[in-house]
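*Asks:* What follows is each chain in one-letter form.
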Amino acid sequence: MSSVPMKRFEAPYLGAAYYPEDWPLEQIGEDIALMKQAGMNVMRIGEFAWSRMEPREGKFDFDWLHLAVDKLGQADIATIMGTPTCTPPIWLVEKHPEVLVVGDNGRISQHGARRHACPNNRMYRDYCAKIVTKLAEEFGKDENVIGWQIDNELYPEPRNGRGCCCPVCHKKFQVSTCKKFSNIEALNKAWGTDLWSQTYQSFSQLPIPRSDTWHHPSLLTEWMDFQSDSYIEFTEHQAEILHKLCGQPVGTDMMCLGGIDYYKMHRNLDIVQVNNYHQESDLWKVVFWYDMIRSQKDRPFWNTETSTCWPGATTANKYKSPGFCRANSWLPIALGAEAVLYWLWRSHWSGQELMHGSVISSCGRGLHTIDEVKEIAAGFRASAEFINETRCVNSGLAVHFSSLAWLMFEFQPLVNDFRYGEKLIESFYRSLMEASLRADVIYPAASLDSYRVVCSPFLPTLDEAGLRERIEAWIKAGGTWIVGPLSDNRTINATKFTHAPFGSLEQWTGAYCKYQIPGDPRDFALRWSDGIESAGSIWYDGLEARGAEALATYTEGPLKGLAAALRRKVGKGQIILLGTMPGREHLKKLLLSVCSQAGIEPAAQASPNLLVVPRKGKAAEGLIAVEHGNCPASLTLTRPATDLLTGRKYTGNVEIQPYGVMVLKYDPGFPI
Amino acid sequence: MSSVPMKRFEAPYLGAAYYPEDWPLEQIGEDIALMKQAGMNVMRIGEFAWSRMEPREGKFDFDWLHLAVDKLGQADIATIMGTPTCTPPIWLVEKHPEVLVVGDNGRISQHGARRHACPNNRMYRDYCAKIVTKLAEEFGKDENVIGWQIDNELYPEPRNGRGCCCPVCHKKFQVSTCKKFSNIEALNKAWGTDLWSQTYQSFSQLPIPRSDTWHHPSLLTEWMDFQSDSYIEFTEHQAEILHKLCGQPVGTDMMCLGGIDYYKMHRNLDIVQVNNYHQESDLWKVVFWYDMIRSQKDRPFWNTETSTCWPGATTANKYKSPGFCRANSWLPIALGAEAVLYWLWRSHWSGQELMHGSVISSCGRGLHTIDEVKEIAAGFRASAEFINETRCVNSGLAVHFSSLAWLMFEFQPLVNDFRYGEKLIESFYRSLMEASLRADVIYPAASLDSYRVVCSPFLPTLDEAGLRERIEAWIKAGGTWIVGPLSDNRTINATKFTHAPFGSLEQWTGAYCKYQIPGDPRDFALRWSDGIESAGSIWYDGLEARGAEALATYTEGPLKGLAAALRRKVGKGQIILLGTMPGREHLKKLLLSVCSQAGIEPAAQASPNLLVVPRKGKAAEGLIAVEHGNCPASLTLTRPATDLLTGRKYTGNVEIQPYGVMVLKYDPGFPI
Amino acid sequence: MSSVPMKRFEAPYLGAAYYPEDWPLEQIGEDIALMKQAGMNVMRIGEFAWSRMEPREGKFDFDWLHLAVDKLGQADIATIMGTPTCTPPIWLVEKHPEVLVVGDNGRISQHGARRHACPNNRMYRDYCAKIVTKLAEEFGKDENVIGWQIDNELYPEPRNGRGCCCPVCHKKFQVSTCKKFSNIEALNKAWGTDLWSQTYQSFSQLPIPRSDTWHHPSLLTEWMDFQSDSYIEFTEHQAEILHKLCGQPVGTDMMCLGGIDYYKMHRNLDIVQVNNYHQESDLWKVVFWYDMIRSQKDRPFWNTETSTCWPGATTANKYKSPGFCRANSWLPIALGAEAVLYWLWRSHWSGQELMHGSVISSCGRGLHTIDEVKEIAAGFRASAEFINETRCVNSGLAVHFSSLAWLMFEFQPLVNDFRYGEKLIESFYRSLMEASLRADVIYPAASLDSYRVVCSPFLPTLDEAGLRERIEAWIKAGGTWIVGPLSDNRTINATKFTHAPFGSLEQWTGAYCKYQIPGDPRDFALRWSDGIESAGSIWYDGLEARGAEALATYTEGPLKGLAAALRRKVGKGQIILLGTMPGREHLKKLLLSVCSQAGIEPAAQASPNLLVVPRKGKAAEGLIAVEHGNCPASLTLTRPATDLLTGRKYTGNVEIQPYGVMVLKYDPGFPI
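Protein chains in written order, with my numbering: chain A, 56 to 727; chain B, 56 to 727; chain C, 56 to 727.
In case anyone wonders, no lab produced these hints; they're calculated from the structure. Watch out, some of these pointers could steer you wrong.
For identical chains, the list gives no copy identity; a pair is met inside one copy or between any two copies.
[As the list claims (entries may be wrong)] Taking lysine-lysine pairs in the DSS-like style, the calculated list, with each CA pair at most 27 Å apart, reads:
hint : residue 1 : residue 2
1    : K150      : K234
2    : K114      : K244
3    : K227      : K150
4    : K673      : K319
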């Protein structure tokens with residue numbers, strides 16, 4: 056493995072979260088020495104340290120933080136600075152208990168955990184502004200700081216799935232709903248509140264939809280969408296300050312979850328940051344999330360948190376097999392990241408998360424993964440130029456993901472046990488992955504211009520961000536749209552259409568949906584146009600094709616003889632309407648065939664457990680391959696390539712070890 | 056299938072719940088046309104529409120409702136009118152938040168769901184009186200309205216199993232308990248409150264028995280019995296108004312649940328209404344409930360709600376096999392109903408239940424069950440005369456069911472996992488059904504006069520409605536009483552007897568209960584007098600026969616050699632005392648033998664999965680047979696008969712399809 | 056079986072809990088006659104009868120109680136008197152609702168259950184003092200009373216695992232924490248509160264650590280340790296009164312649970328009392344608890360409660376096989392008790408526990424276990440002299456148990472699903488038992504003087520009661536210490552050490568712990584020095600021996616080649632450090648070998664399902680053997696002995712029936 060020295064603060068970054076506030080300052084030197092040994096070049100710092108930065112109201116102390124940042128910088132280790140607003144000091148909540156999050160059960164949050172202040176509380180916002188301003192003034196021009204992270208893992212806290220239910224939030228929700236609907240009659244009409252005499256007479260009557268009450272799904276969806284907006288507004292408030300005072304890019308580290316709108320969140324941020332704690336058996340699913348994160352901005356993202364081994368709080372949550380750290384650390388890089396940071400550098404010696412895995416232990420010893428970390432660091436260095444100068448190739452294929460859909464399905468699962476994120480990944484995205492079809496995962500608001508095939512399974516409303524009009528135009532201009540099941544079946548207000556089961560799908564395809572049946576407690580068989588029979592899943596629309604081409608037909612049950620999937624040319628493009636979610640193999644076949652017609656080919660001939668990501672830049676081209684199932688894998692190269700991690704040259708068939716990684720740069724001069 | 060036109064508003068009725076308030080009024084015509092196509096002749100209407108009837112306090116609007124009723128009537132579709140008191144408008148609860156139900160956790164209910172107003176609150180009662188009076192004035196003489204439904208599914212809401220815990224209920228409970236016991240010493244003595252120093256000094260100290268406290272079972276039983284009484288009083292309050300102003304019969308639609316007293320509820324109502332949402336595997340159990348409902352009044356009942364396919368709220372709760380709708384719709388008719396109404400006519404387009412199955416979809420398309428519905432409608436028409444002119448034959452056999460027993464077992468299950476309703480049906484009633492023994496299910500307060508055999512399994516107290524004295528007299532006059540296990544083991548105050556394990560059973564049978572053992576974690580074997588050994592279940596009384604005839608004897612365990620079941624002649628009658636619940640086959644054998652001796656024979660030689668109901672009237676006689684297990688079945692006819700659904704004649708052995716139905720009218724002139 | 060008449064009130068005692076307050080006084084005679092028939096010579100009385108003793112504030116009535124005690128005494132039945140403070144009368148809580156326990160959810164407890172008054176409330180303490188003083192004055196010199204039981208089953212009520220959260224407790228917690236740490240900076244430093252800005256500025260800011268908040272484990276541990284102290288202080292308050300006014304020994308009946316400190320509790324009590332309700336499959340586990348209870352005081356303990364058959368509340372909780380009552384009643388006697396009392400004498404006829412098993416039923420009939428009870432009584436009489444004149448032999452082996460460890464693991468399980476009590480018994484104590492190695496179970500505060508081998512698995516802190524210094528001195532003086540896994544890994548403040556994974560273990564053994572891995576989701580194989588390979592469990596320390604003797608070495612995974620267990624001579628003694636919990640067979644082998652080296656041999660060659668307890672006194676010596684697994688067992692005698700229960704003589708191999716018991720007194724004159 057070559058060992059090219061990196062330029063100071065040059066990507067790709069490998070690092071960790073570092074909490075100098077929890078350790079003696081004298082220990083910084085020892086830590087830095089160990090970081091260097093581990094090959095690290097970035098530390099994330101500051102995110103929870105408000106009480107150290109402002110131990111008493113208005114008394115600021117950044118000396119210790121400067122010391123840490125400076126010493127890190129002197130050692131060529133960059134700093135990502137976090138604003139500490141996730142954990143207000145006790146003097147703040149003691150003086151202003153009204154800033155505390157209130158549960159839907161009326162209980163006021165306590166000091167001692169995280170995320171317990173209300174994002175909408177003005178007093179809290181003011182205190183946040185003060186500390187963020189101070190911090191920005193201190194580090195906004197610091198050359199050792201390469202970026203900002205606002206707060207930490209912003210998300211409406213579970214708390215019975217209702218977020219903050221304080222009076223401020225309640226009032227603000229009423230006001231924002233009023234702004235949206237203008238008058239209460241419009242809301243009543245949109246939500247159909249005549250049902251059960253739910254009709255409101257003024258916006259001030261809108262309740263907090265408590266979890267102990269059987270509430271209207273439109274109200275619930277609106278409430279949680281408001282919660283999402285609240286955290287976005289909260290973030291923008293800080294971003295504005297940072298943008299004014301700092302030179303570095305600004306972001307916020309988010310979770311692999313869908314209830315908060317990533318697209319809206321990033322409109323006013325510079326860099327997308329994501330935390331990942333997938334367990335070993337679920338590792339493959341993180342590909343979906345990175346494909347979504349990458350697609351947010353035309354700029355490499357940061358994997359701000361992941362674990363070298365087990366996540367954990369007061370228990371260590373599962374040992375991982377050798378190689379897991381390697382695959383887990385390379386997946387984001389392959390998929391468009393320029394930074395990977397472990398949580399955390401040194402295990403906490405106290406507190407709620409003292410059993411979480413780390414790079415080194417509380418007593419400064421490398422964990423059993425330390426050699427893997429060093430190998431990863433060396434690999435990053437060895438392939439730095441390739442990583443920095445290439446980007447993931449846009450294949451022309453996209454899959455829709457929507458936080459609004461997430462909320463709608465949360466409050467209207469439609470079928471027992473349907474969970475949007477899980478089903479989208481397990482029953483749809485998995486087939487794409489196994490077929491080596493590389494996709495962007497985009498929000499409905501995203502532009503469709505660069506795609507030739509777009510998939511929209513489980514997308515209940517097309518009325519988000521004007522998608523209905525835009526997708527129609529895009530299809531007519533030549534796009535291929537794979538849609539359904541359970542798509543275009545809700546208005547923007549989470550109600551049904553009344554003219555048809557769908558908003559536009561019947562009109563666009565000419566088909567007629569005769570019956571609809573849930574895939575519970577059983578599934579139904581269908582025969583595909585290739586003559587093979589297999590079962591659908593989740594949901595069953597029984598369609599009369601009426602001029603469209605039936606791709607699959609039900610062979611049993613009340614839908615027998617009706618189409619389960621069909622195709623219709625529309626303008627220069629076409630719609631593939633899925634009335635049910637096909638079995639995995641058949642879906643793979645369908646996707647390969649449809650993509651191929653649109654000129655989209657698999658990234659490689661590769662094992663289904665191997666992620667292969669084509670990368671291309673002005674001066675270089677190649678593939679990054681990561682095995683994510685802890686099994687052997689293989690890949691067929693169409694061009695001779697060199698693995699930058701080993702320097703070995705490959706042609707044709709390549710074998711990859713379990714959790715193996717290859718950075719295959721195509722040899723120059725070979726005709727494409 | 057013959058197609059006799061029905062007279063206007065003549066039973067049997069097939070219809071659905073219709074919510075014109077949730078749809079454009081212009082759509083009524085389209086709906087009515089579809090109803091006619093589906094063969095419907097009744098709609099249930101109004102039950103939740105308070106905010107449409109009285110959009111502002113004192114401002115009433117019934118125009119839309121008259122329009123709907125009139126148009127339905129013009130199309131020969133009758134209306135059942137519901138009072139809308141289940142869902143008070145927001146102006147009411149906003150003006151009088153004190154009417155809201157309070158949970159046992161102190162939380163006040165919210166607007167936006169159902170059943171959130173306190174049945175005992177005087178203010179709420181007054182508002183209810185106003186809207187019900189108005190509604191009665193408008194429709195009490197309307198010839199299109201054939202009956203009234205008060206409120207909807209009245210039941211102490213689960214809310215941790217404690218009903219409304221508001222101060223009004225609390226006070227009223229103390230007053231009613233005072234009225235019952237006269238003085239606190241009597242209560243202390245009756246409940247044995249010296250235990251754990253629970254002794255009360257005044258009725259004002261009686262607490263709401265919260266679910267987070269380990270409360271006295273006598274207190275819990277009393278509290279929930281009070282809750283039951285509260286809803287009954289609430290209903291009677293409306294019934295009084297309706298009886299004064301209206302010409303039509305009055306009822307309230309209830310659930311298949313036992314915690315509210317059906318017998319007391321119907322003392323002042325005219326027609327029994329019941330809702331049924333049994334899933335496919337449990338369909339057979341509904342027979343028990345219909346047998347109970349029929350036995351409440353000497354008048355055909357109404358199946359006010361059932362589903363064509365899946366029930367559901369925001370998920371569709373399980374597809375049903377073809378034919379389910381048929382069997383499910385005919386079961387009530389066979390068992391004494393004159394009306395079957397689906398919930399709901401047109402699927403809701405919004406709100407909490409928008410995924411519930413229906414007759415037509417939100418966009419006006421028949422569901423996949425539409426042809427079954429039409430076939431059922433045709434069947435009802437074809438057999439209308441037979442249904443209307445015959446009644447279920449009283450076989451002379453009855454089974455006791457008690458809401459007080461339900462409450463006692465809820466708070467004293469006696470054996471792990473014992474649930475009264477489930478066990479009564481699964482371990483006792485099932486054997487009756489499989490033996491084709493037709494029974495009435497009666498409350499302890501019901502007259503015993505028309506029965507020759509009465510079964511009282513799991514009936515802890517005989518002191519309800521003077522049953523102890525009445526049953527003794529009835530036995531002495533010749534009745535056969537099958538009693539136990541777990542019967543006559545509690546006083547009316549839910550305490551044990553202290554002179555013996557039973558109140559009277561030892562005295563009446565002469566037997567002596569030596570030991571009692573729970574059927575947990577194992578069951579014990581017994582040998583029946585026929586020499587066959589099988590296991591008992593649930594509970595084990597070990598009896599010394601002492602002159603009674605042992606029917607079964609334990610063959611193992613600490614009870615070995617003691618009797619498990621015995622018979623004793625008492626006067627002209629006899630008691631069969633069960634010390635354990637026999638295995639299903641043995642119970643069947645026992646019941647057949649005991650009934651036969653009392654001159655009660657099976658309704659037919661039929662498969663266990665076939666319900667056969669003998670029907671008899673002045674001019675006609677026959678059987679209605681419904682297959683309820685989705686399996687083939689057969690039946691041996693003792694007289695030639697014609698299936699009114701097909702016009703085909705049958706003699707001897709008859710095969711019935713899965714979920715098949717036959718209305719077999721005996722051919723005239725054949726000697727009985 | 057011989058039937059020697061016992062002296063009045065002479066141990067061993069067999070009896071039950073008797074509640075004359077719940078029955079007509081006229082019935083006492085009948086009860087006593089039945090007690091005599093059953094062979095009973097002690098009754099426990101009074102514990103919940105406050106409302107009968109003081110029906111109105113300041114109005115006392117002890118006549119009924121004197122009547123009961125006197126009549127019992129006249130029948131040679133001793134009384135154990137309970138203070139009734141577990142169940143305050145309603146007049147008390149009505150007058151002073153502030154005495155009621157408050158849940159961590161803010162809900163105030165209700166009258167009607169037990170343990171609902173706050174142990175720290177001064178008003179409640181005053182009322183307790185009054186009733187206890189009165190009771191002591193009445194019965195403190197009563198010759199029929201042989202001892203006192205304070206309150207009942209004192210334990211911080213589950214209530215979400217937080218005990219009483221009332222303002223008095225909150226304040227007192229802050230004060231006691233202040234007292235412990237002196238200044239808030241010390242607390243912040245000890246707990247590491249810089250993490251997440253948790254830093255406190257004054258003790259008055261310390262919150263009640265509610266269960267709905269993700270709190271710091273050091274705070275949680277401190278809070279629950281304070282709860283434990285509160286109940287101990289509450290008990291001492293009564294003990295002081297009783298000691299002043301009474302001549303009899305004082306104790307309190309406790310549960311087989313670890314969250315309250317038994318050692319501290321008994322510093323000021325005279326007699327250890329314990330309640331046991333183990334189910335049949337868990338019966339063997341009670342040996343651990345009795346070994347702990349016996350080790351608290353150099354005086355025979357009382358098994359104050361156990362069941363003849365099923366425990367239960369409003370359900371009867373599981374029938375037991377014949378013989379269970381025998382084995383269950385003899386286990387405490389074998390292990391050092393002088394009294395066994397069933398709960399309860401006569402089944403309650405009302406209330407929350409009316410289905411609990413008993414000696415006689417509510418109607419005065421012996422339960423199916425009555426003959427077993429009589430046989431046990433006869434056995435106690437037959438072997439009274441042997442029981443009274445011998446004590447369990449101290450083998451020189453002890454196992455540490457710590458309530459503080461219990462709390463630490465409750466709030467820091469370290470590995471998924473780790474529960475301290477269960478794991479200690481199932482993965483460690485079980486091997487000791489199966490090897491017939493008899494141990495004392497001692498608290499860290501206990502003296503080590505009488506032991507040659509001490510085992511400290513799962514003992515996170517050595518800083519409780521100065522154990523660190525004491526154990527080191529004890530080892531150097533010749534002790535053998537078996538320690539780990541998961542020992543010496545936490546400071547007294549429930550935080551990690553930062554200089555090493557352990558406080559002293561590396562220093563003492565010379566070993567170096569390279570890696571630590573949780574035993575989740577898989578376990579790792581190790582090879583023992585005997586060449587046999589087996590899997591460890593729970594936790595994996597990978598140790599470099601560095602001069603210590605490796606006893607077992609990992610053969611796979613990241614720890615391959617590192618030591619899993621090692622031995623190091625220290626002074627005249629040695630340390631056996633376990634890095635993982637060995638498999639059951641290997642642990643047994645290790646324990647036998649280590650003990651043997653220290654001169655500790657198994658109590659007998661016996662089946663693993665047979666408890667054999669060597670007993671020795673001035674004039675007698677022998678074994679008590681109890682089969683606890685309901686299987687046949689055998690035992691090899693090294694000396695001729697006579698079974699005092701049968702009078703039969705045995706030598707060599709002895710067969711014991713399932714649930715069989717033998718009291719084997721060695722024949723005199725045989726050389727040891």
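*Asks:* Run every hint past the structure and note whether it holds.
*Replies:* Here is how each hint holds up against the structure:
no., hint, verdict
1, K150 / K234, "between (33 Å within a copy, 25 Å between copies)"
2, K114 / K244, "between (53 Å within a copy, 20 Å between copies)"
3, K227 / K150, "both (23 Å within a copy, 23 Å between copies)"
4, K673 / K319, "neither (31 Å within a copy, 75 Å between copies)"
Violated hint for the displayed structure: number 4, the only one.
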